[in-house]
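J.: With these hints in hand, go ahead and build the complete structure from the sequences.
2 protein chains.
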Amino acid sequence: MADNKYQEKHRIVYYETDVTGRVGLGQLVDLLMLASYDHSKAENISEEWVNEQGYGWVITQHLLEIKRLPKKDEVITLETQATSYNRYFCYRDFFVYDKQGELLAKMHTAFVLMDLTTRKIARIEARFVAPYGVVESRKLERLAAPEKLIKVDAKKNYRVRYWDIDTNQHVNNVHYFEWMLDALPKEFLMTHEPCAVNIKYEHELHYGDESTSLVQVDEKNKVTLHEIKNGATLSCSAQIKWRTYKA
Amino acid sequence: MADNKYQEKHRIVYYETDVTGRVGLGQLVDLLMLASYDHSKAENISEEWVNEQGYGWVITQHLLEIKRLPKKDEVITLETQATSYNRYFCYRDFFVYDKQGELLAKMHTAFVLMDLTTRKIARIEARFVAPYGVVESRKLERLAAPEKLIKVDAKKNYRVRYWDIDTNQHVNNVHYFEWMLDALPKEFLMTHEPCAVNIKYEHELHYGDESTSLVQVDEKNKVTLHEIKNGATLSCSAQIKWRTYKA
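Taken in order, these protein sequences are the chains called A and B.
Just so we're aligned, residue 360 is where the first sequence starts under the numbering used here, counting upward by one.
Just so we're aligned, residue 360 is where the second sequence starts under the numbering used here, counting upward by one.
Where hints are given, some of them may not hold.
Claimed, not checked - Derived DSS-like pairs: lysine-lysine, alpha-carbon spacing no greater than 27 Å straight-line:
1. A:Lys588 / B:Lys581
2. A:Lys498 / A:Lys515
3. B:Lys514 / A:Lys431
4. B:Lys458 / B:Lys479
5. A:Lys588 / A:Lys430
6. A:Lys364 / B:Lys431
7. A:Lys515 / B:Lys545
8. B:Lys514 / A:Lys514
9. A:Lys400 / B:Lys605
10. A:Lys458 / B:Lys465
These are calculated hints, taken from the structure and not from any lab test.
T.: Here it is as structure tokens:
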């Protein structure tokens with residue numbers, strides 16, 4: 360079992376928050392990814408070094424639980440730890456704490472290593488993960504997939520912009536959150552808060568690609584189902600459980 | 360003359376940079392606006408307090424000069440100072456320094472105070488600016504406007520998303536940069552760097568508004584002219600001078 364934890368503090372600033380002053384879901388995941396980036400750097404297996412070896416870490420799934428979204432000017436602690444890896448996946452846990460040490464959110468993420476030349480998934484060698492203190496496991500985690508949409512209640516179209524792509528030359532995982540949530544009405548977003556998110560990435564999107572954000576809303580159970588499609592190809596799907604929110 | 364300077368440090372992180380690892384133009388302005396926000400807070404005339412009085416600070420123009428865009432993981436110093444105010448405008452200077460104290464960028468910005476109820480420009484009372492150490496001047500600065508487009512070389516359409524609006528309930532000034540630059544080809548953005556920017560805000564845009572980003576490219580002089588229009592209404596215009604950039 361790994362006990363190699365990494366922590367850093369972060370102050371939520373205004374441009375990371377929405378019109379209600381709460382951190383955006385995509386921004387929260389950005390902050391957690393930053394903790395992971397800094398952890399890699401601290402262990403001398405930085406993202407830049409991984410890129411130089413011809414590979415890039417790519418997210419395949421996030422499972423997120425949120426007790427409360429942090430607010431503008433709040434100082435939070437981001438914690439992360441690699442938990443295990445097998446032939447093709449590396450798993451990592453993330454925690455967000457408030458000033459008093461109360462848990463605000465946690466996330467479990469599955470990463471794969473992409474060969475930057477073939478753009479195919481590569482076998483994970485120990486040198487890419489051993490410094491995290493994890494040992495190889497034969498166990499593949501069976502993470503539940505988001506439920507499939509059976510009807511479409513709303514949809515919006517998006518085109519991949521210059522600012523959506525990252526150093527892997529594809530749409531960064533957090534931009535999918537913006538497209539998924541933006542397909543919901545503004546009034547809903549201002550009066551609700553996500554409490555559980557399951558997001559699964561299927562196919563990468565590149566600069567200039569057109570995509571459609573589809574959503575099915577189950578008002579009774581406060582669950583929304585999301586798909587980002589590029590033509591007939593499913594790029595990403597998600598299931599979000601909401602609670603009501605009062606400013 | 361005011362000598363009330365405010366400084367803070369910031370590490371550029373990966374999600375603030377583009378595919379080349381340089382900070383985005385919009386993100387750079389976001390960071391400078393953060394310094395201004397923190398300056399206000401330090402002087403007990405915070406943005407939140409201004410909002411409680413029924414007003415909001417709104418940008419009317421930025422004049423930006425850039426020697427070099429900071430890069431991922433670089434630690435920069437942000438400095439700001441209010442320079443003067445008159446009946447309707449407050450002016451502020453911004454500076455970005457690298458670790459060695461070299462100037463990387465500077466910006467001069469004009470702000471107006473908007474009445475949040477009537478959404479009209481309000482007269483600036485001393486209580487909103489005096490703590491910055493500025494005194495009222497009768498002089499209105501005559502800042503050159505960006506040159507007008509005489510032909511359109513490219514255009515792209517944008518719809519105001521939930522994440523584009525700020526606590527003033529309109530599109531935040533930095534999102535215009537994303538729309539303006541995204542209308543240029545990716546190859547151009549990856550191989551060029553802005554060295555001077557003049558951006559002027561004319562009419563606010565709200566959630567759901569449709570806008571078009573128009574651009575005229577003067578390749579010989581490396582100047583691009585930009586307009587963001589909502590139907591026939593000019594929302595924002597800009598003139599950007601570029602230099603070539605090698606990664």
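J.: Can the restraint linking lysine 515 of chain A and lysine 545 of chain B be considered satisfied, given a maximum Cα separation of 27 Å?
T.: 24 Å, holds
J.: Given the hint that lysine 514 of chain B pairs with lysine 431 of chain A, does the C-alpha gap stay at or below 27 Å?
T.: 35 Å, violated
J.: Holds or violated: lysine 588 of chain A with lysine 581 of chain B, Cα cutoff 27 Å?
T.: Roughly 37 Å separates the two Cα atoms, so the pair is violated.
J.: With a cut-off of 27 Å on the C-alpha distance, tell me whether lysine 400 of chain A and lysine 605 of chain B pass.
T.: Distance of about 25 Å is within 27 Å: holds.
J.: Run the distance test for lysine 498 of chain A versus lysine 515 of chain A: straight-line Cα separation, threshold 27 Å.
T.: Violated. Lysine 498 of chain A to lysine 515 of chain A sits at ~39 Å, over the 27 Å cutoff.
J.: Measure nothing beyond the straight line between the CA atoms of lysine 458 of chain B and lysine 479 of chain B; if it is 27 Å or shorter, mark the hint as holding.
T.: Not satisfied, since the Cα-Cα distance of roughly 41 Å exceeds 27 Å.
J.: Within a Cα-Cα threshold of 27 Å, do lysine 514 of chain B and lysine 514 of chain A meet the stated pairing?
T.: Roughly 24 Å between the alpha carbons, so the hint for lysine 514 of chain B and lysine 514 of chain A holds.
J.: Starting from lysine 364 of chain A, check that the Cα of lysine 431 of chain B is at most 27 Å away, please.
T.: 24 Å, holds
J.: With the threshold set at 27 Å, check whether the alpha-carbon distance from lysine 458 of chain A to lysine 465 of chain B stays at or below it.
T.: The hint is violated at about 35 Å.
J.: Against the 27 Å threshold, does the CA-CA distance of lysine 588 of chain A and lysine 430 of chain A hold or violate the hint?
T.: Answer violated: lysine 588 of chain A to lysine 430 of chain A is near 32 Å, above 27 Å.
Violation of the numbered hints given earlier is confined to hints 1, 2, 3, 4, 5, 10; the remaining hints are satisfied by the structure.
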